[in-house]
Structures are given as C-alpha cells and as structure tokens.
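> Here's the letter readout for the chains.
Number of protein chains: 2
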Amino acid sequence: MPERKPRKDAVRNRAAVLAAADALFAGCERPEAVTMADIAEAAGVGKATLFRAFGDRTGLIRALFEARLEPVRTAVEEGEPPLGPAAPPLERVPALLDAVLCFKLDNRHLALALEGTGSDSPYQAPHYEKWHRTLRDLLARVPGLDDGGFAAHVLLAATRADLVEHLVGQERTGREQARAQLAAFTARLLGPGGGGRSVGTADSRAPASG
Amino acid sequence: MPERKPRKDAVRNRAAVLAAADALFAGCERPEAVTMADIAEAAGVGKATLFRAFGDRTGLIRALFEARLEPVRTAVEEGEPPLGPAAPPLERVPALLDAVLCFKLDNRHLALALEGTGSDSPYQAPHYEKWHRTLRDLLARVPGLDDGGFAAHVLLAATRADLVEHLVGQERTGREQARAQLAAFTARLLGPGGGGRSVGTADSRAPASG
DNA sequence: TTGCGAAACGGACCAGTGGTCCGTATCGTT
DNA sequence: AACGATACGGACCACTGGTCCGTTTCGCAA
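Protein chains in written order, with the UniProt record's numbering: chain D, 1 to 210; chain A, 1 to 210.
Be aware that a few hints might be false.
If several chains are the same, the list does not tell them apart, and a pair holds so long as it fits within one copy or across any two.
As the list claims (entries may be wrong) - Cut-off 20 Å, straight-line C-alpha distance, at most; resulting in silico cross-link-like pairs (DMTMM-like, lysine to aspartate or glutamate):
1) Lys-130 to Glu-171
2) Lys-130 to Glu-78
3) Lys-130 to Glu-165
4) Lys-130 to Asp-146
5) Lys-130 to Glu-70
6) Lys-130 to Glu-80
Don't read these hints as lab results, they were simulated from the structure.
Please put together the full structure from these sequences, using the hints given.
Here it is in structure tokens:
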C-alpha cells in the first residue's frame, strides 16, 4: 500500500483552502473573478500550497464540487426511492433530475465555476459520466427511448449551470417554477401515453440545500 | 445620419482579420489556443487594429459567428418550408433544430469558441435570443407545451457546441447519427400522440455546409 | 498636384492571471 | 535531541487580453 498518511498541517491547510474557496465562490457573482491568489490569501496560506494540494484551478473547483455533491450522490446511490436505486425508472428519472436541478440552484456559483472553466468541457468531468450513465440506463428501460444516451445528455443539459443562471437571474424564474418546468418537460418526454403524471409535480422538498 | 463611411484600409483590414481568424479557428483544435496576437499576425495587422475593429475577443468571435450564420438565418426568416416561416410548427421545429445542429457540426470550432468565451454566458448573445424566441413561438402552437419557453431552451441546449463536440469527438457519433438522434428526440417531444413521424428522419441535406 | 486634418495604424507597453521554484520552516520518527 | 522527509510561502515566470501614442495613410479640397 503506497498510502502514506499526509502530514497534519497539510490536511489542515487543505481544509482551510476548501472552506475559503467555498465562501469566496458563494459570495462572488462572477466565478472567474475569484482568483487563486484571493483564495490563498483568504485561506491564510501561500499560493503554492493551494496548487500543491489541488493541482490546478480546475482541480480545486472540482474537489469543492464533489464535496458538496457528495450527499446527493449517496442519496442516489444508496438512498431510498424515489431517488434511490429501488425506484422504477418513471419515478426515478424525474427525481434524479430534480435533485440535480436543486443542487445547481443551491450551488449556482460553484456549478458555474466548474462548467465555465473554459479549457475543459464539462463532459469530461468524471461526475458527469456517472450521472449520464445512471440516467442512460434508466432511460433504456423506458419504451421508445433507445437512442444510446442522447436523451440523457439532453436532460442533463436542461440543468446546465449557465442555463439555470439565465432562467433565475435573467428571466426571473422562481425556484419552484424552474422545478415545475423541468418536471413537466421530463414527464412529457417520458410518458407520451401518460404515466409519470403524479411523480414530478414539484413539491417543496429541497434535496440538496446546505 | 451619423453614418460616416469608413476608410477603405479599415474595411480591408477588417476583412483580413475576419478571414484570418476564420482560418485559425477552423484549423486549431482548442479555440482558446488561438490568441489575439496570432490572429493579428496571420492577418498582417497590428493587434490594436484588431481590437479597434471588434472591441474585444468576444466581439470578434461573435462577428465571425454571425457572418457564418447569416445564410442559415435568411433561410429561416425568409426561405421556404420546411425551414421558412410558412411551414407548420410540427415541420418547422425539427427543421430548425436540424439546421442549427448542422451549422454547429460544420462550424464546431467557431461555435465552441463563442460558447466557451468564459465570462459571457451564451444566453446573452443576441442571436440566441432570436433563435429562442422563434422556437418558443413555434412550440406555443404545439398542444401541451405551454411552459413559457423552457422547452425551447432545452432543445437549443441539445445542440450546444460542447455537447456536439463531445458526441462527435468522444463518443464517435457520426454526423447522420447525431442528426437522427436529435430528430428522434424532437419527434418524441413534439408528438406524444404521433404526428411528426415523417418530417425529421434525417436525410443527407446539409443546410449550412460550405 | 499639393496640402492638410482626420482617421487608422502598429507594436511597445501594461495589468493581471495561472502556475512554478527553491530556500526555509515544520513535522514526526528514532 | 537530532535528522531526513515533507510541506510551506511568496518572489518569480510566461503569457494573456487589452491600451497608448507617435507615425502613417487616407480622402477631400483647393
């Protein structure tokens, strides 16, 4: 086992950086306005420490994102229906999309920072692959959707950070309204003959809020 | 009329810059690897000329994009069915989406450069507004889709440059395959009771190539 | 053709970014 | 206490988009 436990100042600094970055991204409007130097200063560490711990800017943002996303992930992977694996596709798909949407609503700046990294397309992030695979497998069990995952891509694209930001920020869409729209869209796609009519009508549960 | 005609060296340089940028973006893989200095040098002008003509990087890319898009735009605005205004929604929506997709396929790098500008969300570009409005108005005439334009956003998100890039570049999806997937998705969304079954089955017309 | 003011040019220049280097301080183990 | 390994930090680097201003070119008019 090549796992040598890291020094304790390293883990302390790592946590400090994560916390500082979280606060800065949450408080700032345009994510790219938060510089690495800002984060380092806010965390009370040198810039090199920050890069040593996370590799580069994308690495830091990704780590932050994954950390925040973790509760949602476990709820999906080992939770109970409608999010958990036991739920039938027609229930689970809307629940999953709603969870993703709520997460993006609750972590707008962070999601925006991650997807807007510029150089790296969001489609290469490891967590995207996972969401996509899960969704694709579910959709494969819905009659008439044998398109090899394209529908999954589109449904996830419906929750993209900049779109959410545009809806909420520019078009003055409210949280529940956004959830209802996504639910309606999903329902129409899933159940051409009617079927998912009572599963996704947005109640006010907030799967991923702080 | 405050329209003073520009000096001819200005228009010549503007054209040269546009052409150089077009070539560079088309030939390079990662659009952000094309720097403003590169474009200036390739065009044989100074950097300031480039900024004087287009304001900033986004302005240049946008100008290039609009120029390329122009034939598609006129085909949609004053062409004949199925793209033109005379076509009924159930035909025109798939045609329109197919046209957008083909355009993105034919101008991958450029579209990627535009949408990945970073600071500016794609949803604030003027041309997006136009596409969205057109699509929303069409969808409003389809029964059951009264969601105030959300579906239009999602359908356009299905043709986003980085998604297209991912499909074609990573998932090895072919051009016709991508078109067929989008057509199938659109058909399913439009015609839950069946209706758009024979309109969007991808033939090999290439609305925006060359 | 010549003259001249305005318009456009170009490349040195600037501010600010992500990312690295290396001498120094800290850790943790013996 | 001692000492090698590990991590620290901020000066430093390469490079970017964008600007400044002395110089050149244009277009009009005499």
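> Hints first: check each against the structure and report whether it holds.
How the hints compare with the structure:
1. Lys-130 to Glu-171: Between copies only: 15 Å across, 30 Å inside.
2. Lys-130 to Glu-78: Intra 14 Å, inter 44 Å, cutoff 20 Å: intra-copy only.
3. Lys-130 to Glu-165: between (23 Å within a copy, 19 Å between copies)
4. Lys-130 to Asp-146: Answer is within: at 19 Å inside a copy they meet the 20 Å cutoff, but 32 Å across does not.
5. Lys-130 to Glu-70: For Lys-130 and Glu-70, only the intra-copy Cα distance (13 Å) is at most 20 Å; the inter-copy one is 38 Å.
6. Lys-130 to Glu-80: For Lys-130 and Glu-80, only the intra-copy Cα distance (19 Å) is at most 20 Å; the inter-copy one is 43 Å.
The earlier numbered hints are all upheld by this structure, with none contradicted.
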